[in-house]
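There are 2 protein chains.
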Amino acid sequence: MSLHAELKAALRKAVPTGYLDAPEDLRVYSYDMFARAEPEAVVLPESTEQAAEALALAERFETPVTPRGSGTSLTGGPTPVRGGLVLGTARMNKVLDLSRADRIARVQAGVITAQLQRAVLEQGLFYPPNPTSADYCTLGGNVATNAGGASGVKYGVTRDYLTGLTAVLPGGEILATGGRCMKDVAGYDITRLLCGSEGRLALITEASVRLLPKPEAVRAMSAYFTDLKATAEAVAAIMSSGYAPCTLELMDRAFLKAVKQAYDFDFPAEAQALLLIEVDGPEATLGGQMQAIARLCKEHGAFQTTVAADETERAALWQARRGGTAALVRQVSFMVSLDYAVPVSQLPAAVEGIGHIGRKHGLDVAVIAHAGDGNLHPMVIYDPSDAAQSAAFAAFDRDACNAVLELGGTLSGEHGIGLEKAAHLPRQLSPAFLRLAREIKRSFDPRDLLNPGKCESFCSNED
Amino acid sequence: MSLHAELKAALRKAVPTGYLDAPEDLRVYSYDMFARAEPEAVVLPESTEQAAEALALAERFETPVTPRGSGTSLTGGPTPVRGGLVLGTARMNKVLDLSRADRIARVQAGVITAQLQRAVLEQGLFYPPNPTSADYCTLGGNVATNAGGASGVKYGVTRDYLTGLTAVLPGGEILATGGRCMKDVAGYDITRLLCGSEGRLALITEASVRLLPKPEAVRAMSAYFTDLKATAEAVAAIMSSGYAPCTLELMDRAFLKAVKQAYDFDFPAEAQALLLIEVDGPEATLGGQMQAIARLCKEHGAFQTTVAADETERAALWQARRGGTAALVRQVSFMVSLDYAVPVSQLPAAVEGIGHIGRKHGLDVAVIAHAGDGNLHPMVIYDPSDAAQSAAFAAFDRDACNAVLELGGTLSGEHGIGLEKAAHLPRQLSPAFLRLAREIKRSFDPRDLLNPGKCESFCSNED
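As given, the protein sequences belong to chains A and B, one line each in that order. The first sequence maps to residues 1 to 463 in UniProt numbering. The second sequence maps to residues 1 to 463 in UniProt numbering.
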């Protein structure tokens, strides 16, 4: 398949330095971490106006457009399953404004999250959302998926920091929402309707985010447990206490083993799980909080708690957490990283249930979790070319979804629905919700040209 | 006008203890703090199911329904301008669940905000949103308007605490959104689309909100200034510093004079403005923060800063802030409380501009502000029965809106649009935004039966 020649010529003219359709380019832009589908061309606009021209042309030629940040999605979200264009934001990569006076940053969608975090820190400010892929992912992708990460337990998610967006509607009209005010209730909250809409309602090209003062200090601690469920019980106890850790990450033994093989990292032989716990705030308050949290861990079975002595020890813990997934991927034939969330009091039941379901279907499952907000990521290892193992994974997926929903949880805490969870969506959302979702989609994109074939579009004929 | 007899009978049956249509009842439910319009009947359901029956009946008889909490709106939001039913939430007043383990409260829409705040505090937890009317207003109203208040400067607004809603759609279908997970990205964020939608998309009947650990301590300070603009400059300086006050309230001299007449409260003769400043957190950290903030105030012209010695002194400052508006209302013939927000760096220009516009049109204007988040409330005193004064107010309103928008501000920080700002809305929101707003409204309420005649419906024929 290839684009209409007239569209191709017009796109080359509209985005002169950012039109790609060589086979190797199409291959490069065909996948995320979950799925694969080739576009017919790739456009990389440098501005909202160029993006608007591209979307206007796409509509004229009835051509689908799939927005793409860095492609770090784990759900197939940025894969062009209906062909057409991939519209990448990589060249819209400028921090447009960083105001210490207003505690606001305005950035283009292609800015890398860590780039913003660093620029903000230099001003003595703090942009809290911190997806594990912060070094690679884009702010636009974070907005499109309402990305969270480890800091969510104290600081919430991307949604909580947005004050305004610039976006392009299918057909090329430019939409501005919100602005740079901390409070703004003029009109429906289209800012947050676009946040988490997975590129199906509009192409986000700019975002304004509010910033916090930089916490004075941060301190990290490791706590090792001999039992995974007890670890989750410690998490629940910490969260129902009066303490507010800014990090509360759980890693199970299978994950730690992968880390040990890949990095200069070791862990106690009897450990079944590690909690990485951080508190931040005024320096003088951290020691007392750490002691109290260590005590709660010990009451729930931790056999070793160690406060990181310095930034090097802290960085080693984070390298384990951040690098572990990549280490695991390199060591196994194939792995799927799943994403569920439950109320934190249900975390012990959830980790126990996931372990049980893995054993039932004969699958190796490593578990990590942004445990403090009940967001867990089982990583299922299997060989997709083996029919029996694929069937076992499908059964695991079904049973795990059921277990999570029975615990009052959600099918996705932060990765989104994309392709991966689309077929499961009606198990969580009612017919009334899905009907409204489709009507909202139609309001923004009546011809279904923007990121088609994902999310609620799977359920189009259900009610 | 009165309801169809069959509808009347059916409503009496559906909501047996909560159907009112005596003339005195219709009068009582005819007004908020801004406007007045009589309904044909009032229904006060006790449950989501009763509310759903009422909305189903209303649709069958093509009868408008205007949701109402406590009627503390300042914009005409809950006034039934097209007649029909007022649906009050006063009898849906139960805290359904308060989980310390999950840091979640689930409440019916008619729960009074202060009632929830107190129940939560008893568990050692904290529900931050704190509209000035917290003692009277309802959680459902807070959600419908995305209420803010004094705590917004540190803790954000109602929207930031919602994890899920139960609502009734026009026609009576029950919609559940979200749940009790801290992270949840399954489906579009209809939770936040309903928040701030001013009762035009669905009738909110239940809300789940996340809770924080209770701050260990809070400390209050008063700072008096001889110049209003300098006061706003102090606010901007505090907000661009590394400090995060949880209260940063500005009151001007006109407001303080009203307070002095009404309460046992005095202020220095030379004071043109008062800042009420609070910090909260670990006890040991508060003194240092207060000293630093006092220093910033003095650098910007404060001639007196006093830390409240105890809870009694703190309560006196809050009585001034909370009771002052009522005091002013009692002392003048008529007053309109307006609501704008600007980026905090523009607060000095905004207070100066508002003062200038008031003088230009010969109107007395008192100014209070949730200054730390740039949210200001000019209170304009005039006689609406005097044609010249009414014209002066209209001119003030137009000029003030222009001034705020030119400063990058918004027409409403927290009161909402309702009737009051509906005609101004196209000056802030683009035709594209308003078209999407109307299409979203149609998706939820195709017959325009829910809170008709407000907000974007004013702009129906504009693009």
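Read the hints as simulated data drawn from the structure, not as lab findings. Every residue gets a Cβ at the ideal spot worked out from N, C-alpha and C, and that includes glycine. Among the hints, a few may not be true.
Claimed, not checked - Computed footprint of chain A on chain B, listed as stretches where at least three residues anywhere in the stretch have a Cβ under 8 Å from a Cβ of chain A: (1) 148-155; (2) 175-188; (3) 221-232; (4) 397-410.
Structure-based check of all given hints:
For the region 148-155 of chain B, the proposed coverage by chain A is satisfied: 3 residues have a C-beta within less than 8 Å of a C-beta in that chain, meeting the threshold of three. Counting residues of the region 175-188 of chain B whose CB lies closer than 8 Å to any CB of chain A gives 13, so the stated coverage by that chain holds, three being the minimum. Counting residues of the region 221-232 of chain B whose CB lies closer than 8 Å to any CB of chain A gives 0, so the stated coverage by that chain is violated, three being the minimum. Judged by the Cβ-Cβ criterion of 8 Å, the region 397-410 of chain B is covered by chain A as claimed, because 3 of its residues qualify and three suffice.
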